[in-house]
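A.B. asks: Protein sequence lines correspond, in order, to chains A, B and C. Residue numbering for the first sequence follows this note's numbering, beginning at 56 and increasing consecutively. Residue numbering for the second sequence follows this note's numbering, beginning at 657 and increasing consecutively. Residue numbering for the third sequence follows this note's numbering, beginning at 35 and increasing consecutively.
What the hints contain is simulated information worked out from the structure, not anything from laboratory work. Misleading hints may appear alongside valid ones.
Simulated pairs of lysine to aspartate or glutamate, EDC-like, Cα-Cα distance not exceeding 20 Å [claimed, not checked]:
id, chain 1, residue 1, chain 2, residue 2
1, A, 482, A, 514
2, A, 503, A, 514
3, A, 503, A, 540
4, B, 813, C, 329
5, B, 862, B, 842
6, B, 858, B, 839
7, A, 72, A, 143
8, B, 862, A, 515
9, B, 862, B, 839
10, B, 858, A, 514
11, C, 176, C, 264
12, A, 503, B, 839
13, A, 503, A, 526
14, C, 176, C, 262
15, A, 503, A, 553
16, A, 503, B, 842
17, B, 858, A, 481
18, A, 482, A, 515
19, B, 858, A, 515
20, B, 862, A, 547
21, B, 858, B, 784
22, A, 72, A, 140
23, A, 503, A, 547
24, C, 176, C, 276
25, B, 862, A, 514
26, A, 503, A, 523
27, B, 727, B, 913
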Amino acid sequence: MSHSEAPQAEAEAGRPKARLEVAGLEVRLGRSGPDVVREVTFAVRAGEVLGLVGESGSGKTTVALALLGHARRGLCITAGQVLLDGADLLALSPRDLRAARGARVSYVPQDPSSALNPALPVGAQVREVLRVHSRTAGAAGDRVAEVMGEVRLDPPPEMLRRDPHQLSGGQQQRIALAMAFAGRPSLIVLDEPTTGLDVSTQRHVLDTVRSLCRSHGVAAVYVSHDLAVVSDLVSEVAVMYAGRVVEIGPVARVLGEPVHPYTRGLVGAVPSPERAEALAGIDGQQPRPGRRGPGCPFAARCGHAIADCATQVPEPVTVAGRAVRCLRAQGIQATQPERLPLVPGPPAAAGGPALLVRGVTASYGHRLALAGVSLEVPPRACVAVVGESGSGKTTLARCVAGLHGNWTGEITFRGRPLARVARRRDKDTLGRVQYVFQNPYTSLNPRKTIGQIIGQQLEELTSVSRRDRADRAADVLNDVSLAPDVLSSYPDQLSGGERQRVAIARALAVNPDLLICDEVTSSLDVSVQAIIVELLRRIQRERQFAMIFITHNLALVRSIAQTAVVLRRGEVAESGPVEQILGHPADPYTQRLMQDVPRLRPSRTHRPPGPRPA
Amino acid sequence: MAVDAPAAPAAQPGQTRRIRRPQWGTLLSATRTPRGAIGLGLASLVVLVAVVGPLVAPNSPDALVTLAFGKPSGEFPLGGDSLGRDVLSRVLDGGRALLVMATCATALGVAGGAAAGVSAAYLRGVSDGIIMRAVDVILSFPQLVFALLLLSLLGPKLWLITIAVGVSHGPQVARVLRSATLDLSERDFVKAAELQGMRPVKVMWKEILPNLVSPLMVEAGLRLTYSIVIIAGLAFLGFGQPPPAASWGTMINENRDGLSLDPWAVIVPALLIALLTIGTNTFTDAFARVAIGVDRRPDEAALIEDLSQGLGE
Amino acid sequence: MAVAAAPAQPAAAARAHPVARLIRRRLAIGVVTLFLVSVVVFLATEVLPGNAAYAILGHNATPVRVRALEVALHLNRGVLGQYWSWVSGLFTGNPGHSLVNGQPVWGYVEPRIINSAVLVFVVGAIGALAGVALGAVAALRKDGWLDHVTSVIALAVTSLPEFVVAIALVIVLSTVIWHVLPAVSLLAPGSYAWSQPELLVLPAATLVIVIVPYILRMMRAAMVEALESDYVEMARLKGVPEWRVVLVHALPNAIAPTIQVIGLNFLYLAGGVVVVEYVFNFPGIGQGLVSAVSDRDIPVIQFIVLVLAAFYVVMNIITDVIALLATPRRRIAR
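Chain A with its partners taken away, still in its complex shape (with noise of 0.2 Å):
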């Protein structure tokens, strides 16, 4: 294809036509239902690639579902065109759509090892796409060779004979992205390519993506929650709130210079792996579809909102280079968005370190995950435990928490050595060590309200008295923000942010000296893990204990820790002060780590806090 990259700045004249255009795309629940996505018009050119954009429930998946003509179980296409080279493929029949699937637009799945047929050779898979739209036996498997080319996966002819399962989760995305490539598509959709893998392995997969759209001039739309991979990767980027594009633009323009509220908290929310800033949440949650009010969709959780956006349905307007949905676009666009810097914690406190762990090696069975592991808590700091899956970072969390019992090694806390499983624990040891789950979902008993919930805490850990015990909960989940009708609810009437919130009041509950957070921030959404990163900074400069914070997430190490460790493979790659560690790293694998993890690129320079709007 001769389109190769076109400036973006020259947007106006002699660019090509759109090769997707989307117009007034709406789909219910059910023929008449109430609306899960609507009115979402965007258009991308060939070699180009959008980026859609929003947290869970915003309908991305949907929109991108729909561009292939389908819509999950329950949902109906209702209105609207998709026009790809200029016909609708909405409009086409059923045996038609067929034969354009595949074809000439094609899909890249959020999750490979579920959407890989378990019972059939990825080899096979592939063909596949090739053989039902009548591509002849050897042409096909012609086609199949250059395409793993493609993908950079060099395919010893073995690889194509094994099963899914086989492969790891960077083999199997490649093997989607294969498939979806095959058939030489004009449009391809791809639905969150990269959750779950590693962050060098996903910088790959992207890399790859970049390169096949812009040599083979394919229109790619590119789903993600993740705004710093999908800025380093998209000329175009559609925000979605609500089941509406709320502001869409030129990368440049939509998160460099945020206009419509919620842009600018998602902005203000993605933590920085360059600088120490303070991370800004969105309270609140998105409104569920049949939820949706008459007016703005998100009036209710935004700080510019007036009296007309609980009425009014913001219609796009177009504001320095892209269109928003916002009423209030024109007064906001004058005004900066706000970015703190972190305020430093208290130093280090002198004295004997908190929690002390030398030589640890664990292993799982035969498998080795970890490998004479050693760091050092000092009282009152936070050290950040890093790594990729697989590194043994959370087995270093269990190991410490009691929860995994297969270990060697020394792990003193207070002076004085901890047994190994949390059974040979006393009480009081439990008590000063507490855990927080990396899934709220399943951390909390779906049979016991809030209340009950830190009660059983208060009972088996403290001798708070059962009068007490209520008001003492009430006093915790003040601290996490949360009020005390709360007590009464079941887990399942809460959102994630709001159950990892009361995870972390069950442990805040009894004092603890150390918190061992893992992972706690990574199956939320970014505004709600902006929200629960400033809660535990707060907490912790209030009450001073000790924290461990385990995460994949390298980004956020600045936001919260001071001391860092690079984990990799069971061993302590590198460990030093956060500063140290991710400006100048000097192990090799921490440097590609950090040169891997996607940032938030679209020009964005620091700016002092500006002030607020009126």
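For chain A, the structure is supplied; the task is to place chains B and C on it using the hints.
C.D. replies: Showing chains B and C alone in chain A's frame:
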């Protein structure tokens, strides 16, 4: 209800379906579904016959009052049985023992099986091995054969039948509950309880069991149906209450030689048994749909769990 | 819900190896189970309080019969000795003599085993085919009228005791309404079922009616799950034709759990034949067991129960192995 990374909005239609907490509420909403209402109606009808029947029976169930296989008449609406006893009176009298025995056997089997299954799954290790081997051994006997084996040695005593049927349910219940517990014990809220230093028995009782109420109730409903089937079957084979007593299973067997003379003597008891089992099973199915909300019942899901676990080790 | 700690398993975990190991393990467990079963069957005859012979024969036992019984049960030896002589008898094809008529147990049971086996395998084959086909169709027409009708009927039929189904068939086909089939399957002693196939019809029909709903339900559930999976959605998004989606993508993933249920139903049949053979007087081991239990013919009971249990254990192993081989590897590898 796994919520992993920021999930697709397609998950939303499901979000309206929440875990309903008070189990009685679930039970109540099951009765409001068509299946639940029909099931409950059928079962209650038969229970009513069995409970009230002995009080309103026109004749003594073992009095010889009419001709053997006598045709239905005004005085004996369902005719006479093989010895000339009043079929109607025997039908009204013949269900109570079945219900009592089936209920006791179910309670015994579900309680024992659940205790075994939950502890095997949660404690793992040696307890798991011993419990599951015992389960394997009992499972190797078809339930009816197991009961027959015990009866052959001690004679058809009613308490023995009840215990035999209860014990033969145990392994099945244990397998289902073990598989459900294996899944639960990996959940973080169980780990959280362990980090509070809770004793294993308390963890099972306070953390795990409340999450097993739905599968337990489905299992109980299923086992109740099977208890009725097996106990009535044993009576049909001649191992039930001793002869003069009336029992639906026994009546079917006694009177089938006279099918062409007085079919009602067979049809009515068979119909009552059928309505009862259809009723309990249909209600259980309705409950399972409301409480668990899947097409697959826990006993069926356990099969697949077993399959994947066997390979996982 | 991946726990990040576990390092990714080596991707190319050997394919054949774990299955072979698993088969060996299943076989070993099977042997252990069989041994324990034989102990249980044997001990069951030992738990009798007091003199077993009197307990069996009742109060009007003559001394001669008591003596004969004691010898037959080897009650004059120690427990281990008794067990040993019984088990070694089994292995040498001499499971003892009937207490009722003094005939060798093997000669009495052998034709019955064959008759029951014919019945079980005829029923198993027909039931599996019908159940899988109906289940797959119901899944493909999920929420259609066919699906609703089959699911309601299946639910009702799974609730019914076998003898109720059998009696219903007898009423409809043999006595009250029509007279097209024999109500009892009387065979000359020692002759085999295939010599008069029409005698097989009603017992087989009863059992087929009883097992099909189970297989149907399972097949439907497995197929629905496969059809709603991500990989089926992916196949559709690839433009794969619907027939191919069903046959190539959904079916292979739905078949393994169904094999388990088919196997389970063979196991169930081991119990189901008892009642059904009794209803139709079909000369199989089930009917033999019922009359032996009525007569308290301990050696016959022991042997038949052991045969049924052995069938159970062996069938279990076969089912597991087939299901394992048919299970897509991803499910296993977690």
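A.B. asks: Are the hints correct? Go through all of them and say.
C.D. replies: Here's how the hints hold up against the structure:
1. A:482 / A:514: Holds, because 11 Å separates the two Cα atoms, which is no more than 20 Å.
2. A:503 / A:514: holds (15 Å)
3. A:503 / A:540: holds (15 Å)
4. B:813 / C:329: Roughly 16 Å between the alpha carbons, so the hint for residue 813 (chain B) and residue 329 (chain C) holds.
5. B:862 / B:842: Holds, at roughly 16 Å.
6. B:858 / B:839: holds (18 Å)
7. A:72 / A:143: holds (15 Å)
8. B:862 / A:515: holds (13 Å)
9. B:862 / B:839: holds (16 Å)
10. B:858 / A:514: It holds: about 13 Å lies between the C-alpha atoms, which stays within 20 Å.
11. C:176 / C:264: It holds: about 18 Å lies between the C-alpha atoms, which stays within 20 Å.
12. A:503 / B:839: holds (18 Å)
13. A:503 / A:526: holds (18 Å)
14. C:176 / C:262: holds (11 Å)
15. A:503 / A:553: Distance ~15 Å between residue 503 (chain A) and residue 553 (chain A) Cα, so the pair holds.
16. A:503 / B:842: holds (18 Å)
17. B:858 / A:481: holds (17 Å)
18. A:482 / A:515: Judged against 20 Å, a Cα distance of about 8 Å means the pair holds.
19. B:858 / A:515: holds (11 Å)
20. B:862 / A:547: Roughly 19 Å separates the two Cα atoms, so the pair holds.
21. B:858 / B:784: holds (18 Å)
22. A:72 / A:140: holds (9 Å)
23. A:503 / A:547: The hint holds at about 10 Å.
24. C:176 / C:276: Roughly 15 Å between the alpha carbons, so the hint for residue 176 (chain C) and residue 276 (chain C) holds.
25. B:862 / A:514: holds (13 Å)
26. A:503 / A:523: holds (19 Å)
27. B:727 / B:913: With a Cα-Cα distance of about 14 Å, the restraint between residue 727 (chain B) and residue 913 (chain B) holds, given a limit of 20 Å.
Checked against the numbered hints listed earlier, the structure breaks none of them; every hint is satisfied.
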